[in-house]
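So the sequence lines, in the order shown, correspond to chains A and B. Anchor point for the first sequence: position 209 equals 209 in this note's numbering, and the numbering is continuous, going up by one each time. Anchor point for the second sequence: position 178 equals 178 in this note's numbering, and the numbering is continuous, going up by one each time.
If you're looking for bench data, these hints aren't it; they were derived computationally from the structure. On a predicted model such as this, the values are computed, not experimentally measured, just so you know. Certain hints may be false.
Claimed, not checked - Only some residues are given here: those of chain B computed to face chain A with a beta carbon under 7 Å:
1. Met18
2. Pro21
3. Val24
4. Ala32
5. Ala121
6. Tyr122
7. Ser126
8. Val131
9. Ala132
10. Leu151
11. Gly287
12. Ala297
13. Phe321
To be verified - Take a look, some chain B residues computed to stay more than 12 Å from chain A by CB distance:
14. Ala62
15. Gln76
16. Pro159
17. Val172
18. Leu185
19. Ala290
20. Gly291
21. Ala330
To be verified - Each pair of labels, with its calculated beta carbon distance range:
22. A/Val281 to B/Asn307: 43 to 49 Å
23. B/Ala38 to A/Leu287: 39 to 45 Å
24. B/Asn307 to A/Leu287: 40 to 46 Å
25. B/Thr268 to A/Val41: 28 to 34 Å
26. B/Val172 to A/Pro238: 42 to 48 Å
27. A/His183 to B/Asn307: 54 to 60 Å
28. B/Asn307 to A/Ile44: 37 to 43 Å
29. B/Thr59 to A/Ala170: 35 to 41 Å
30. A/His76 to B/Val95: 34 to 40 Å
31. A/Pro159 to B/Leu269: 28 to 34 Å
32. B/Ala38 to A/Ala170: 51 to 57 Å
33. B/Arg115 to A/Val273: 22 to 28 Å
34. B/Gly175 to A/Leu180: 55 to 61 Å
Just so you know, even glycine gets a beta-carbon here, dropped at the ideal spot from N, CA and C.
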Amino acid sequence: MPGLTSEERQRRARREGIASKAPRPRANKIALYAVLVVFAVIYIYPFLLDVGTAFKTDADATAHPLSPVPTHWVLHAFSELGQQDFARWLTNSVIVVVFVTGGRVLFDSMAGYALARLRFRGRGAVFSAIIAVMAVPGVVLLIPTFLILKQLNIYNTYPGMILPLLTDAAGVFIMRQFFLSVHPSIEEAARIDGAGIFRTYWSVVLPMARPALITLMILSFQGSWNNFSMILVAHQSPSLDTLTTGVGRLVSGQLGAGTQYPLQLAAAMAMTVPVAIVFFVFQKYILRTGEGAIKE
Amino acid sequence: MNLILSQRRRETAAGWLMSAPVIVLLAVFLVAPILMAAWVSVSDWTGIGSPFASGVHSTGPANYRALLSTPGLPQQQLGESLRNNVYYVLLVVPVQTALALGLALVVSRRRLAGRGFFRTAYYFPSITSSVAVSILFLYVFGSTGVVNAVLGDLGLHGPNWFNDPNGVIHLVLSGLGVGHAPGALANHGFLGLSWWEWLAGPSVAMIAIMTLAVWTTSGTFMLIFLPAIYAIPADLDEAATMDGANSWQRFRSVTLPLLRPALFLVLTLGLISTWQVFDQIYLMSQGNPAGTTLTPAYLSYLTSFGNQQWGQGAAIAFILFAIIVVLTIAQRLVVSDRRGAQ
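Okay, chain A solo, but in the shape it has when bound (with noise of 0.2 Å):
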């Protein structure tokens, strides 16, 4: 081979002698893919098993619990669900995730552009503020929120349901790191055309900010839509359930004495399915990994 420094040649000779040793590479790579495998059905089968069992009866699903299709196929638990409240409880969820969302992706997106962009006195004690409020632990937070909802007269109302969720500094977080990664020269042209603040950031700064506000807004779906505790102590009345609660109270009311697991799995597809539409919509937003940003 001519033309090669000798460290070449030993790296070609290294690489070819580790294609040489075929049959080892190959049993790892089975190995690997079957632990792969493994891996992939532990995470996905329970959600196989929980459509299927959805459409079975009672009985079925006690007798055979590892299948996960029906003996015989039947829509009982979705029409006992229909008598459980179920469309109230969507209309609620509804109606509390459209709020939160749309009020954290307006205010979280004012503030975030105002720490990272405006000029102003307090600023930084304003973000330190809002970075030590990160730290709380949400749990901690229930007897609180009950508290202040009380004290408020706004405890068991949609208003208590939703403004406690609004709070979101880490969604402040984000926006402000995403409107420092950007250039202001856009907005400055913006300005110097005589555009107020609040113009520049309505008609500039935002439409610029799409892929930031869809993280936020995908993240704010899915922590209203998904939240359990905090609806819970901001409530007590049924017709204010919303998804999580309502069928929170399948499992541990009365009914969860019962093993209704077909009404019980079909509740929990139910409520599942909209926050799959967005993550499989979504994907790419959600599983952003830096993998553009590899170094070759």
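Position chain B relative to chain A; hints supplied.
Positioned in the frame of chain A, the structure of chain B alone reads:
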């Protein structure tokens, strides 16, 4: 000059105005409630009327004393919940971190077929609500459920998971012939539990809930590891291969040190979240069987919302808050110490 000054003023006004909604929300629904709860935790408020009404009196540290130093049911329940949660943290955090790292290392391989599928599969449980997942696991670990069916196929008799209060360390010990507590362990204790009870280990019921925790969170943490893995320069790994390092050596001395910041983040987040386990307990076990799945978060809820002992419930929440803060700081100190030593 005047123009610049008015520009400055406009920016200040706009800055405060745009941050105002967030500031007000955080003040009203985060800072003020915590202060209120702090007051309640040192008061005799019974849940009726406002905690600021004239009939409510300060009791000093009485609620904290009842929990921490006065023998009785509150102290014993707090002791139980702390024991349960300590085992929960000790097992869940390392397992979910190791699993997340392992999965991330594998699905980050560039020449892996179906990598998108595997990633999606591992991440999917993370986006599902705690309610749906709890229902799923009640079914999977039910006495006639999936896990016991698989164990049955293997010729094993599965336990009645959610009704079995036996601690796994006790089970192992009794398997070795130590069925009863040695006197020294039975007669002394801490927080209302004998040392023997502290050493019970997580109950069989808790094992099922811990499995759920690992299953739902490993995908989330896998996602934190992935960017860190992709940021490792490929030639570094190659160079180590050239030097004849095998894959374990490469992992130990190239990959792992470079992943330390991500590892620290995952451990911190894991530690914080495992101390807060609430939803699953509320939905799956309500602290049963025999208090072996009680956690401080759930006990705090139960004490206040269930038994109307608001002062005591709030005190438990603050004790939990303190535990999380102290452990997070301690972990930070340990890590920075190690960094300094190198």
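Results of checking the hints against the structure:
1. Met18: Status holds, d = 4 Å.
2. Pro21: holds (4 Å)
3. Val24: Check failed: Cβ of valine 24 of chain B comes no nearer than 10 Å to chain A, outside 7 Å.
4. Ala32: Holds, because the Cβ-Cβ distance from alanine 32 of chain B to chain A comes to roughly 6 Å (cut-off 7 Å).
5. Ala121: Holds. Min distance 4 Å.
6. Tyr122: Status holds, d = 5 Å.
7. Ser126: violated (9 Å)
8. Val131: holds (5 Å)
9. Ala132: Alanine 132 of chain B check passes; min Cβ-Cβ to chain A is 4 Å, inside 7 Å.
10. Leu151: It is violated, given that the least Cβ distance between leucine 151 of chain B and chain A is near 11 Å, above 7 Å.
11. Gly287: violated (12 Å)
12. Ala297: holds (4 Å)
13. Phe321: Constraint on phenylalanine 321 of chain B satisfied, holds at 5 Å.
14. Ala62: holds (17 Å)
15. Gln76: holds (21 Å)
16. Pro159: holds (15 Å)
17. Val172: holds (25 Å)
18. Leu185: holds (32 Å)
19. Ala290: Check passes; 18 Å lies beyond 12 Å.
20. Gly291: Answer for glycine 291 of chain B: holds, closest chain A Cβ roughly 17 Å.
21. Ala330: Alanine 330 of chain B clear of chain A: closest Cβ-Cβ about 15 Å, beyond 12 Å.
22. A/Val281 to B/Asn307: 43 to 49 Å: holds (45 Å)
23. B/Ala38 to A/Leu287: 39 to 45 Å: holds (41 Å)
24. B/Asn307 to A/Leu287: 40 to 46 Å: Between asparagine 307 of chain B and leucine 287 of chain A, where Cβ atoms are some 44 Å apart, the hint holds.
25. B/Thr268 to A/Val41: 28 to 34 Å: holds (31 Å)
26. B/Val172 to A/Pro238: 42 to 48 Å: holds (45 Å)
27. A/His183 to B/Asn307: 54 to 60 Å: holds (58 Å)
28. B/Asn307 to A/Ile44: 37 to 43 Å: holds (41 Å)
29. B/Thr59 to A/Ala170: 35 to 41 Å: 36 Å Cβ-Cβ, so the 35 to 41 Å window holds.
30. A/His76 to B/Val95: 34 to 40 Å: holds (38 Å)
31. A/Pro159 to B/Leu269: 28 to 34 Å: The hint (28 to 34 Å, Cβ to Cβ) holds, given that proline 159 of chain A and leucine 269 of chain B are roughly 31 Å apart.
32. B/Ala38 to A/Ala170: 51 to 57 Å: Since alanine 38 of chain B and alanine 170 of chain A have Cβ atoms about 24 Å apart, the given range 51 to 57 Å is violated.
33. B/Arg115 to A/Val273: 22 to 28 Å: holds (26 Å)
34. B/Gly175 to A/Leu180: 55 to 61 Å: holds (58 Å)
Checked against the numbered hints given earlier, this structure breaks hints 3, 7, 10, 11 and 32; the rest are met.
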